[in-house]
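Peer 1: Using the sequences plus the hints, can you model the full thing?
Chains as they are written, first to last, in the working numbering: chain A, 10 to 329; chain B, 6 to 327.
These are computed hints drawn from the structure, not numbers from a lab. Since the structure is predicted, the reported quantities are computational estimates derived from the model, not experimental observations. Ideal Cβ placement from N, Cα and C applies to all residues, glycine included. Accuracy of the hints is not assured; some may be wrong.
[What the hints assert, rightly or not] Partial list, computed: chain A residues near chain B (C-beta under 8 Å): (1) 12; (2) 65; (3) 71; (4) 76; (5) 79; (6) 83; (7) 100; (8) 101; (9) 111; (10) 115; (11) 116; (12) 190; (13) 194.
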Amino acid sequence: MATMNMVHAINLALKEEMQRDKDVVILGEDVGRDGGVFRVTEGLLEQFGEARVMDTPLAESGIVGTAIGMAVYGLKPVAEIQFMGFIYPAADQIFNHAARIRSRSRGRYSVPMVIRTPYGVGIRSPEHHSESSEAHFCHMPGIKVVVPSSPYYAKGLLISAIRDPDPVIFLESTRLYRMIKEDVPEGEYTVPLGKARIVQEGGQVTVISWGSMLQKTIKAIEGVDAEVIDLMTLNPFDEEAIFNSVKKTGRAVVVYEAPKTGGFGAEISASIAEDAMLYLKGPIKRVTGYDAVLPLPKLEDYYMPSTERIRKAIDEVMQY
Amino acid sequence: MRNDLSKDALKRLYAVMLTIRRFEERVVSLYPEQEMKCPVHLCIGQEAIAAGVCAHLGTEDYIFSTHRSHGHCIAKGMDLKPIAAELYGRSDGCSRGRGGSMHLADPEHGIPGTSAIVGGCIPLAVGAGLSSVMQGHARVSVAFFGDGAADEGTFHESLNFASLKKLPVVFVCEDNYYATNSPRSARQPDIPIAEKGRGYAIPGITVDGNDVLLVHQAAEEAVMRARSGGGPTLLEFTTYRWKAHVGPNSDIDEGCRPAGAHERWLKKCPLEMFQRYLLEHAAVSAEELERISVRVDREIDEAVVFGKNSPYPDASELTEYV
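Peer 2: See below:
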């Protein structure tokens with residue numbers, strides 16, 4: 010078993026899936042010769058050739074639309090969008106076609122496509138290069154949204170996403186790309202979509218997070234009897250894991266870096282309120298970014314949930 | 006006019022055009038019953054394009070279409086019954102009564118589901134073409150769209166990529182001069198849409214879309230080019246929408262179109278022109294045409310009965326197929 014960062018783990022997942030299944034094809038801007046903005050697809054062009062690792066025109070809607078057509082007719086495209094802020098031109102294709110072809114054809118066609126895109130704060134670049142807009146995609150029936158929090162889970166989740174019959178938006182935190190290294194097995198293993206994992210068991214408060222915020226969350230709970238849940242798949246999300254935990258702890262804090270209003274934490278909070286309210290000992294708290302367009306570095310530091318902010322929310326809920 | 010088509014091939018073309026026309030005329034007559042509770046975008050007056058293009062496609066070839074898709078789907082070989090049932094929102098509809106007129110789908114005939122997003126399906130056709138090449142199939146992928154789609158970015162992105170990769174795609178623009186109610190002259194510089202192909206090194210040609218034999222000929226060349234690895238073609242067929250953008254009625258009295266244009270186009274009825282040709286130049290008898298007419302009407306009768314008798318989908322189906 011090798012120790013590797015998330016970039017290498019994702020690269021390994023792509024490589025192994027392309028070796029296993031000739032229908033898996035990569036396309037996107039600069040994914041071939043350049044290996045992608047973050048070098049996630051590095052070396053794949055050399056190994057699999059131009060037909061399967063395809064540099065495309067700079068046209069997000071065209072990339073995703075083409076990938077949908079490929080997926081409908083027998084291929085398993087993995088499209089890369091360079092940054093999450095660049096995905097909006099393709100939102101039309103994602104929402105209006107990828108999400109709906111299964112429904113339109115009453116289940117006789119599906120779209121086994123993955124759209125990988127780097128998301129979130131991490132490279133000190135404002136706006137489009139640092140967005141965390143997962144909630145938009147979670148709102149659309151027919152789209153799965155997956156956010157890994159570490160190299161091991163990135164590989165296993167990506168393999169599941171590629172094999173899934175439906176479109177998956179796969180969000181890769183730029184902050185995490187090279188931050189953590191951990192043991193990642195070579196060869197096949199999968200992490201199921203739609204399942205959360207308990208990162209740490211605890212009895213007094215449930216802290217739910219995903220992707221980039223998990224590390225800070227783990228730091229923030231030091232000394233607290235907290236149960237930490239890594240959601241991993243946002244749509245469909247693992248309600249059962251959350252309810253079971255909240256029924257035990259009676260307290261819930263949700264941590265994510267997207268703007269607060271209408272973020273996915275709202276959905277989680279509402280679900281807890283609907284189904285586990287009588288178990289609650291205090292209010293559900295959200296620790297999030299602010300309702301602001303992602304700013305430049307100094308303000309970015311203020312924007313991001315810090316361990317202190319997370320801890321403060323946990324303390325407030327505990328002392329309620 | 007060309008005369009190298011067999012009498013049978015000519016009669017088949019006629020039968021497809023007549024089926025489209027009569028089916029939509031039936032929609033017009035049934036719509037006031039208010040049982041078809043979905044918007045309908047009719048292609049009456051534009052039948053020659055669907056018939057002439059799809060004549061060159063096999064069951065396995067792909068078509069991608071728009072909100073105005075009845076003609077394309079019928080010409081591609083779709084049975085009328087699931088179309089009628091779909092318009093009635095019934096469970097035997099091709100989309101189990103969840104898609105309606107704008108979202109017809111039929112995997113058995115290479116129709117993955119039409120959509121009302123103008124220009125939206127064009128890149129999907131490119132992807133299907135790419136898939137055909139990568140999987141070693143000789144399938145051709147056809148994107149039908151209107152002149153409105155040539156306003157959209159996806160049109161240009163798709164031409165660019167299809168040309169770059171020399172994909173087996175035929176871009177079929179049905180230029181009926183109107184995007185909803187905006188004339189093309191208010192939306193685009195005054196050049197034929199087919200000429201936009203030149204910017205992407207794609208051969209483009211503008212053809213009278215009401216003359217089914219000219220459509221047939223242009224499409225034949227384009228489909229052959231695609232199938233033999235010669236890359237995409239942009240076909241622009243000029244035509245005219247007889248009905249309003251949406252619904253069974255005419256919009257002529259609404260003042261969106263110049264006076265006299267409608268009358269001029271009625272004289273260029275694709276069906277009447279072809280019928281005259283068949284009678285006068287192709288030795289098809291009036292009796293033969295009548296037999297086709299009787300058969301078409303019977304098929305439509307049966308489809309309507311089938312649609313009306315099909316049950317509504319069960320509430321339990323609401324969250325299926327997501």
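Peer 1: Hint by hint, note whether the structure agrees.
Peer 2: Comparing the hints with the structure gives:
Interface hint status for residue 12(A): violated, as the beta-carbon distance to the closest one in chain B is roughly 36 Å, over 8 Å. The restraint placing residue 65(A) at the interface with chain B holds, with a minimum CB-CB distance near 7 Å, inside the 8 Å limit. Satisfaction of the interface hint for residue 71(A) is found here, the shortest Cβ-Cβ separation to chain B being roughly 3 Å, below the 8 Å cut-off. The restraint placing residue 76(A) at the interface with chain B holds, with a minimum CB-CB distance near 6 Å, inside the 8 Å limit.
Taken as an interface hint, residue 79(A) checks out: its beta carbon lies about 4 Å from the nearest beta carbon of chain B, inside 8 Å. A cut of 8 Å between beta carbons decides the hint on residue 83(A): the least distance to chain B is about 5 Å, and the hint holds. Violation of the interface hint for residue 100(A) is found here, the shortest Cβ-Cβ separation to chain B being roughly 11 Å, above the 8 Å cut-off. For residue 101(A), the interface hint holds, since its Cβ comes within 8 Å of a Cβ in chain B; the closest pair sits about 6 Å apart.
For residue 111(A), the suggested interface contact is upheld, since its CB lies about 5 Å from the closest CB of chain B, less than 8 Å. Hint on residue 115(A) holds. Least Cβ distance to chain B is approximately 4 Å, under the 8 Å limit. Annotation: interface hint on residue 116(A) holds; nearest CB of chain B at approximately 4 Å, less than 8 Å. At its closest, the beta carbon of residue 190(A) sits 35 Å from a beta carbon of chain B; the interface hint therefore is violated under the 8 Å criterion.
For the restraint placing residue 194(A) at the interface with chain B, the shortest Cβ-Cβ distance is roughly 30 Å, beyond the 8 Å limit, so the hint is violated.
Of the hints listed earlier, those the structure fails to meet are numbers 1, 7, 12, 13, in rising order.
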